[in-house]
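K.L.:
Chains as they are written, first to last, in the working numbering: chain H, 10 to 461; chain Y, 10 to 461.
Some clues are possibly wrong.
Where chains are identical, the list cannot tell them apart; a pair therefore holds if satisfied intra-copy or between any two copies.
Derived DSS-like pairs (lysine-lysine); straight-line CA-CA distance at most 27 Å [to be verified]:
no. : residue 1 : residue 2
1   : 359       : 57
2   : 231       : 49
3   : 59        : 119
4   : 49        : 358
5   : 286       : 424
6   : 426       : 265
7   : 286       : 231
8   : 59        : 359
9   : 170       : 208
10  : 424       : 49
11  : 358       : 286
12  : 358       : 57
13  : 426       : 49
14  : 231       : 265
15  : 208       : 168
16  : 424       : 265
17  : 49        : 25
18  : 80        : 358
19  : 80        : 359
20  : 94        : 28
21  : 59        : 358
No wet-lab data here; the hints were simulated from the structure.
There are 2 protein chains.
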Amino acid sequence: MIKDMTQDEISLYIIKTLKENKKAEFEIIVDELQPYDLAKIYQDLPFKHKARFLLFLNPDILADLMEELDKEEQLDLLNMLGVEKSSNVLNLMDNDDLASLLDELSPEKKDSLLSEMNKMESNAVQDIMKYPPETAGRIMTNRFVWIRNYYTVREAVDKLKSFAEFAESLNYLYVIDGARRLVGVVSYRDLLLADPGEKIDDIMYERVIYVTVTTDQEVVAKTVERYDFISVPVVDEAHILVGIITVDDVIDVVIKEANEDIEKLSASGKSIDFETKTLVAAARRLPWLILLLFIGLISGRIISGFEETLQKVVALAFFMPMIAGMTGNTGTQSLAVVVRGLISHDIDKKVVFRLVMREFGVGVSIGVTCAVLISVIAYIWQGNFILGMVVGCSLFFTLIIGTLAGTVIPLILYKLKIDPAVASGPLITTLNDIFSLLTYFGIATMFIQYLM
Amino acid sequence: MIKDMTQDEISLYIIKTLKENKKAEFEIIVDELQPYDLAKIYQDLPFKHKARFLLFLNPDILADLMEELDKEEQLDLLNMLGVEKSSNVLNLMDNDDLASLLDELSPEKKDSLLSEMNKMESNAVQDIMKYPPETAGRIMTNRFVWIRNYYTVREAVDKLKSFAEFAESLNYLYVIDGARRLVGVVSYRDLLLADPGEKIDDIMYERVIYVTVTTDQEVVAKTVERYDFISVPVVDEAHILVGIITVDDVIDVVIKEANEDIEKLSASGKSIDFETKTLVAAARRLPWLILLLFIGLISGRIISGFEETLQKVVALAFFMPMIAGMTGNTGTQSLAVVVRGLISHDIDKKVVFRLVMREFGVGVSIGVTCAVLISVIAYIWQGNFILGMVVGCSLFFTLIIGTLAGTVIPLILYKLKIDPAVASGPLITTLNDIFSLLTYFGIATMFIQYLM
Numbered sequence: 010m011i012k013d014m015t016q017d018e019i020s021l022y023i024i025k026t027l028k029e030n031k032k033a034e035f036e037i038i039v040d041e042l043q044p045y046d047l048a049k050i051y052q053d054l055p056f057k058h059k060a061r062f063l064l065f066l067n068p069d070i071l072a073d074l075m076e077e078l079d080k081e082e083q084l085d086l087l088n089m090l091g092v093e094k095s096s097n098v099l100n101l102m103d104n105d106d107l108a109s110l111l112d113e114l115s116p117e118k119k120d121s122l123l124s125e126m127n128k129m130e131s132n133a134v135q136d137i138m139k140y141p142p143e144t145a146g147r148i149m150t151n152r153f154v155w156i157r158n159y160y161t162v163r164e165a166v167d168k169l170k171s172f173a174e175f176a177e178s179l180n181y182l183y184v185i186d187g188a189r190r191l192v193g194v195v196s197y198r199d200l201l202l203a204d205p206g207e208k209i210d211d212i213m214y215e216r217v218i219y220v221t222v223t224t225d226q227e228v229v230a231k232t233v234e235r236y237d238f239i240s241v242p243v244v245d246e247a248h249i250l251v252g253i254i255t256v257d258d259v260i261d262v263v264i265k266e267a268n269e270d271i272e273k274l275s276a277s278g279k280s281i282d283f284e285t286k287t288l289v290a291a292a293r294r295l296p297w298l299i300l301l302l303f304i305g306l307i308s309g310r311i312i313s314g315f316e317e318t319l320q321k322v323v324a325l326a327f328f329m330p331m332i333a334g335m336t337g338n339t340g341t342q343s344l345a346v347v348v349r350g351l352i353s354h355d356i357d358k359k360v361v362f363r364l365v366m367r368e369f370g371v372g373v374s375i376g377v378t379c380a381v382l383i384s385v386i387a388y389i390w391q392g393n394f395i396l397g398m399v400v401g402c403s404l405f406f407t408l409i410i411g412t413l414a415g416t417v418i419p420l421i422l423y424k425l426k427i428d429p430a431v432a433s434g435p436l437i438t439t440l441n442d443i444f445s446l447l448t449y450f451g452i453a454t455m456f457i458q459y460l461m
Numbered sequence: 010m011i012k013d014m015t016q017d018e019i020s021l022y023i024i025k026t027l028k029e030n031k032k033a034e035f036e037i038i039v040d041e042l043q044p045y046d047l048a049k050i051y052q053d054l055p056f057k058h059k060a061r062f063l064l065f066l067n068p069d070i071l072a073d074l075m076e077e078l079d080k081e082e083q084l085d086l087l088n089m090l091g092v093e094k095s096s097n098v099l100n101l102m103d104n105d106d107l108a109s110l111l112d113e114l115s116p117e118k119k120d121s122l123l124s125e126m127n128k129m130e131s132n133a134v135q136d137i138m139k140y141p142p143e144t145a146g147r148i149m150t151n152r153f154v155w156i157r158n159y160y161t162v163r164e165a166v167d168k169l170k171s172f173a174e175f176a177e178s179l180n181y182l183y184v185i186d187g188a189r190r191l192v193g194v195v196s197y198r199d200l201l202l203a204d205p206g207e208k209i210d211d212i213m214y215e216r217v218i219y220v221t222v223t224t225d226q227e228v229v230a231k232t233v234e235r236y237d238f239i240s241v242p243v244v245d246e247a248h249i250l251v252g253i254i255t256v257d258d259v260i261d262v263v264i265k266e267a268n269e270d271i272e273k274l275s276a277s278g279k280s281i282d283f284e285t286k287t288l289v290a291a292a293r294r295l296p297w298l299i300l301l302l303f304i305g306l307i308s309g310r311i312i313s314g315f316e317e318t319l320q321k322v323v324a325l326a327f328f329m330p331m332i333a334g335m336t337g338n339t340g341t342q343s344l345a346v347v348v349r350g351l352i353s354h355d356i357d358k359k360v361v362f363r364l365v366m367r368e369f370g371v372g373v374s375i376g377v378t379c380a381v382l383i384s385v386i387a388y389i390w391q392g393n394f395i396l397g398m399v400v401g402c403s404l405f406f407t408l409i410i411g412t413l414a415g416t417v418i419p420l421i422l423y424k425l426k427i428d429p430a431v432a433s434g435p436l437i438t439t440l441n442d443i444f445s446l447l448t449y450f451g452i453a454t455m456f457i458q459y460l461m
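Construct the entire structure; sequences and hints are all you get.
P.N.:
Shown next as structure tokens:
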């Protein structure tokens with residue numbers, strides 16, 4: 010009925026059914042909507058209609074809706090629902106989504122929500138929350154259908170049918186043995202194609218790719234991406250199947266990790282988005298800036314050490330920003346290549362050696378080109394051949410140093426098991442300022458008698 | 010049999026079967042391997058064994074293997090296979106993978122490969138290649154099973170069984186009418202749960218979310234991510250179903266787009282990875298660097314305009330790198346927040362106004378803190394109160410300017426439909442150098458009589 014309506018038309022239609030208190034008609038519309046669309050409509054709904062909107066939805070759909078909202082909206086919704094209905098909704102939510110909601114609440118609020126829930130679900134979500142953040146254990150769901158290896162295909166299909174409403178994703182069925190250990194996997198397709206009398210043991214695929222509860226979520230994402238899976242099973246240390254991770258959660262991980270890399274590379278501060286409040290955003294960015302301020306003063310200290318040189322040839326100051334800037338820029342370029350490369354590559358000595366040599370070569374090529382260019386420009390501008398040579402030589406060396414710093418520093422951090430993206434662009438830029446000023450004024454001081 | 014073996018043990022075992030020419034044993038092992046693992050083994054295999062390895066594989070598995078390799082490896086493999094077998098393999102490859110292989114070849118090489126293929130497959134891949142790059146048409150596959158709306162569930166399952174080997178992904182079945190227009194979708198689960206006699210028309214879900222052939226791949230990724238789909242159907246302008254896009258391709262798109270953002274933000278040059286040759290990498294980075302070199306000279310020109318001021322108070326030079334650096338750093342921070350935010354937000358005037366005001370507030374907060382800090386430090390270091398005030402005031406203003414430049418420039422580019430990530434970190438940094446030097450020397454010149 011609403012098949013060809015736009016989002017706005019549907020919204021208006023829903024408001025009409027709410028105003029006229031037509032629950033049956035309302036339910037027919039809602040039944041046709043995807044959770045994401047329903048959440049959009051709910052978010053844009055005038056406040057006065059929200060209470061009845063929630064009243065009209067059953068707990069199943071409310072749980073789907075919850076999973077599309079952000080934390081604040083989720084809490085508002087629970088408050089509006091009241092204790093009894095909200096406990097029903099919490100029971101029905103996916104464990105991983107529920108865990109990430111509870112994670113950000115105060116201990117009191119968390120306990121009060123947990124106490125509303127039924128024992129089994131509340132234990133399950135508390136089990137998940139024991140795993141360290143950003144591990145497979147944290148993003149897995151326990152809503153999946155498992156089958157035993159001694160089932161027949163018919164028994165498996167029957168179990169599937171009876172749990173169809175319960176399970177999040179039913180594309181593969183993971184097979185466990187008597188001790189609940191993961192022993193195989195069967196796809197929907199396999200079940201459809203098999204003879205109903207066949208044993209699961211005979212049709213299942215035994216070399217199951219899995220992750221463990223403590224596997225880092227980035228590794229989980231890499232696994233799913235490499236194997237093109239729709240879900241991946243999670244086992245504990247005894248190889249017992251405890252959950253699955255679905256591809257939709259993996260996409261979220263990939264996006265989150267990419268954002269984190271960009272945040273770190275630009276030192277832009279942890280999770281600042283369009284909604285972050287001014288003072289919070291300022292507070293998150295300040296620590297880096299203050300650190301960089303002090304490192305920047307080291308550059309000042311270096312220049313003051315060359316005060317005499319500078320006083321003799323003030324023109325040296327004209328090229329300072331260009332040399333420092335260029336060195337910083339090449340450093341940032343190398344850094345970005347290395348940080349992103351580390352994500353998709355397995356690193357060994359050979360790879361590192363080749364990469365460092367490549368970047369050295371890049372530094373030399375870029376250095377020669379830019380040095381020749383700037384020598385000519387400086388000579389023409391200042392009419393001093395030696396000054397041109399000093400600026401050119403300095404740029405040549407600083408570009409090589411900048412490229413190598415941008416390559417080697419993240420690699421060393423990686424080796425020390427520190428996230429290489431911590432060596433952010435601003436940090437590399439500021440360090441390269443120091444290197445370039447030392448080189449520039451060092452060379453200038455050597456030739457000072459010819460410069461005057 | 011190989012269930013509990015490590016990758017290395019499997020490799021050795023495979024080499025053994027190749028040496029002893031045991032094809033049957035070889036096939037049993039290969040049958041248990043995922044395409045990704047098979048590709049890893051192939052890549053690490055000593056060259057002398059590769060020919061027989063390929064000889065032992067059937068075209069189906071070779072096609073799977075091809076899809077895991079990069080372009081150069083794919084071409085090597087095709088050369089080793091010879092014309093007849095390689096045409097078989099090309100016929101069996103997914104259209105989207107084949108299109109991206111052909112895309113990077115010379116026209117002659119492309120035509121020669123296409124002419125080897127059978128007419129139907131070659132036409133299909135050429136159809137895909139007509140769509141603009143980075144659109145849904147380019148990443149869709151035509152290997153999917155569709156059903157008619159007038160089928161019964163039994164007929165649908167029968168069709169599914171007969172095409173099971175052919176179709177890439179069988180999680181949803183898209184339903185078309187007599188004119189091949191997309192009219193519904195049925196999941197595996199629906200088929201399993203339905204009565205065999207029911208009509209597809211009665212059980213299908215009609216409000217199908219779809220994309221069109223010209224939809225940008227980023228929008229496709231956003232759609233799949235929002236709705237948590239495993240695949241999304243692609244229709245042409247007449248609403249005829251022409252392909253599907255699977256979630257594994259969507260993950261690749263998400264990773265590629267994130268890498269592109271990082272490349273642009275750091276101006277690190279288009280698609281430079283660990284394998285890129287030195288001169289290619291240097292050539293890709295040089296254009297940006299040369300542009301930045303000239304912009305850097307503008308900074309030099311500004312300083313030379315203030316030569317007199319600088320000659321009178323050389324100590325002013327000590328704080329130049331710090332002020333320029335800090336301004337650049339705040340700019341980069343704001344830039345990263347805006348660029349990533351633009352990806353996930355729908356932008357209107359209200360959002361822009363709020364964001365600019367927020368960043369202005371951040372600039373003021375950061376400015377006050379850092380300005381007070383540096384005034385005190387400069388006073389203590391140089392023993393000149395006015396110098397401390399000049400440096401502090403300058404930093405206050407330049408930090409606000411830097412923050413706003415990092416916010417407003419990408420927003421303007423976005424408004425002008427230019428990719429905002431083009432306003433890379435290095436560009437913002439270099440522009441902010443100019444702003445900060447003008448501010449700093451401007452203020453210093455105003456107070457020059459008190460500074461001396």
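K.L.:
For every hint, state whether the structure bears it out.
P.N.:
Results of checking the hints against the structure:
no.	hint	in the structure
1	359 / 57	between (65 Å within a copy, 22 Å between copies)
2	231 / 49	between (31 Å within a copy, 15 Å between copies)
3	59 / 119	within (24 Å within a copy, 59 Å between copies)
4	49 / 358	between (51 Å within a copy, 19 Å between copies)
5	286 / 424	between (36 Å within a copy, 24 Å between copies)
6	426 / 265	both (20 Å within a copy, 25 Å between copies)
7	286 / 231	between (34 Å within a copy, 26 Å between copies)
8	59 / 359	between (61 Å within a copy, 23 Å between copies)
9	170 / 208	both (18 Å within a copy, 19 Å between copies)
10	424 / 49	between (45 Å within a copy, 24 Å between copies)
11	358 / 286	between (45 Å within a copy, 18 Å between copies)
12	358 / 57	between (64 Å within a copy, 25 Å between copies)
13	426 / 49	between (42 Å within a copy, 26 Å between copies)
14	231 / 265	both (14 Å within a copy, 14 Å between copies)
15	208 / 168	both (14 Å within a copy, 24 Å between copies)
16	424 / 265	both (23 Å within a copy, 26 Å between copies)
17	49 / 25	within (17 Å within a copy, 59 Å between copies)
18	80 / 358	between (45 Å within a copy, 25 Å between copies)
19	80 / 359	between (46 Å within a copy, 22 Å between copies)
20	94 / 28	within (22 Å within a copy, 67 Å between copies)
21	59 / 358	between (60 Å within a copy, 26 Å between copies)
Of the numbered hints given earlier, the model fails none.
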